[in-house]
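Enquirer: Okay, here's what each chain looks like letter by letter:
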Amino acid sequence: MPAVGNLIAHGGYRIGRKFLPLFPRWPGEVALVKLLNRQLSEELDEGVFDFLDGRVLEIAVTDLKVHFRIGKRGGRFVRASAAAEADSTIAATAGDFLAIAAGREDPDTLFFHRRLMIRGQTEIGLTVKNRLDALDRSRIPGWLQRCLTVMADKLASLSQA
Amino acid sequence: MDNGADAVYIGFNDETNARNFSGLNFNDKNALRALERIRSRGRKLFVAINTYAQPRSFSRWQAAVDRAAGFNADAVILADIGLMGYAAEKYPAMPLHLSVQASATSVSALEFYRRQFHIRRAVLPRVLSLKQVQQLAAGTQVELEVFGFGSLCIMAEGRCHLSSYVTGESPNLNGVCSPAQAVEWRDGAQGLETRLNGVLIDRFAEGENAGYPTLCKGRFIVEGRRHHALEEPTSLNSMALLPELRAAGIRAIKLEGRQRSPAYVAQVVRTWRDAIDEVLRRGGDFSIEERWRATLAKNSEGKQTTLGAYDRPWQ
Chain L
1 MPAVGNLIAH GGYRIGRKFL PLFPRWPGEV ALVKLLNRQL SEELDEGVFD FLDGRVLEIA
61 VTDLKVHFRI GKRGGRFVRA SAAAEADSTI AATAGDFLAI AAGREDPDTL FFHRRLMIRG
121 QTEIGLTVKN RLDALDRSRI PGWLQRCLTV MADKLASLSQ A
Chain U
1001 MDNGADAVYI GFNDETNARN FSGLNFNDKN ALRALERIRS RGRKLFVAIN TYAQPRSFSR
1061 WQAAVDRAAG FNADAVILAD IGLMGYAAEK YPAMPLHLSV QASATSVSAL EFYRRQFHIR
1121 RAVLPRVLSL KQVQQLAAGT QVELEVFGFG SLCIMAEGRC HLSSYVTGES PNLNGVCSPA
1181 QAVEWRDGAQ GLETRLNGVL IDRFAEGENA GYPTLCKGRF IVEGRRHHAL EEPTSLNSMA
1241 LLPELRAAGI RAIKLEGRQR SPAYVAQVVR TWRDAIDEVL RRGGDFSIEE RWRATLAKNS
1301 EGKQTTLGAY DRPWQ
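Protein sequence lines correspond, in order, to chains L and U. Numbering of the first sequence is given in our numbering, commencing with residue 1 and proceeding in unit increments. Numbering of the second sequence is given in our numbering, commencing with residue 1001 and proceeding in unit increments.
Calculated directly from the structure, the hints in this document are not laboratory data. From the three backbone atoms N, C-alpha and C, an ideal C-beta is built for every residue, glycine too. Check each hint, because a few of them may be wrong.
[To be verified] Lysine-lysine pairs mimicking BS3-like chemistry, simulated, CA-CA at most 25 Å apart:
#1 L:Lys34 with L:Lys65
#2 U:Lys1090 with U:Lys1029
#3 U:Lys1298 with L:Lys154
#4 L:Lys18 with L:Lys154
#5 L:Lys129 with L:Lys34
#6 L:Lys129 with U:Lys1029
#7 U:Lys1044 with U:Lys1090
#8 U:Lys1298 with L:Lys129
#9 U:Lys1044 with U:Lys1029
[Claimed, not checked] A few chain L residues that face chain U, going by a derived Cβ cut-off under 10 Å, partial list only:
#10 Glu46
#11 Val48
#12 Gly54
#13 Leu64
#14 Phe68
#15 Arg79
#16 Ile100
#17 Ile124
#18 Leu126
#19 Asn130
#20 Asp136
[Said to hold, decoys possible] Computed far set for chain U versus chain L, every beta-carbon distance over 10 Å:
#21 Lys1029
#22 Met1094
#23 Leu1144
#24 Cys1153
#25 Val1183
#26 Asp1187
#27 Gly1188
#28 Asn1209
#29 Arg1246
#30 Arg1260
#31 Arg1282
#32 Thr1306
Please model the entire structure based on the sequences and the hints provided.
Expert: Okay, here's the thing in structure tokens:
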């Protein structure tokens, strides 16, 4: 079973790296914004992410050459307009982003090892990192936690291979 | 707590604590939630109100003490002597801890705080050697806590003004060392540059690890040589001294964590819990396991750890 999983992860990653840069940005951004709005609704109501009002945050997945640009308006995350310049950019590989999300890697350590990059306004990037670190992970649905862990491990073994 | 901490210390989200960074710290709702969880497990919650109060806004620091007392925290960790007076008078039953920021390094200083404010515990400055720690422990009635693991700075606790020299804000008065809005990372022709309020403090070549964006960790050209003129990036690790610290009567080990991710805190706390349990079981016959060493090395700044001042013969 692990062999099949590895094969799927390998194949999926290779295909993704080849074709994802060719796709338009909007389907990924729509999905991301939808996921964030659902998962972080309580934090949004509490104003935890108000610092993003009128700002543009760019998340760059370097190995997949995918850039998500999001902002916040009226209490919800929104896609940023294509013309707007990013106020802050956070960049890393897909594997490192997943390792952070799964709680496997310390983002500061990745940063000092030059695997996580913050450009533009440091305070926005740092605040995003701190807010996400402070989320109660037990509130992430079990399937998503398992999914993150499995994918993070697969991509970590892939990058070591 | 899940990894074996006996107590957790938190700060409120304003300049009353020395980790006043955007996105960190607790509002009333989160603090209460944290307290409930901690109490249900029989552990303790301390509140760090460890910056120096400004005369114009002393009421903000008083309010922080009121909040901590209001939800019945197990202790407040204070540095400001005026605030300590306020807390001791208004809430005589609430335990006071003397913050490392107060920088008490002698028996007479510790005993003064005990007589005046009935402090229960003091966190010792990292500048002390092991011998000095042992002498303090033998001479005072105050319970002592020392630093176990964490990024090392220049060890002028409560008196460091390097950050305000460049940015106008310091840990002691504003709760921030190198405030994030003053930090800029820029890709230059010669590598990644760190600027603090526009001042270049370091430059990292391709493949070279980056360092903390603080003045003390920057590299400067002094007498023709570019090097870490103030402080080498490193983490303090006093694990090897656990048997001696225990024998001296040290009651608590502090692990840095308020500005670090859950992944870091979990690994470091679990490792120290295991090591402390081992010392309690075996006493002087203690040796550091290889996996503990590896975990701490992985989580240390600049990939190296040091005993810091503990093993310096400078008294």
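Enquirer: Which numbered hints turn out to be false for this structure?
Expert: 12, 13, 14, 15, 21, 25, 26, 28, 30
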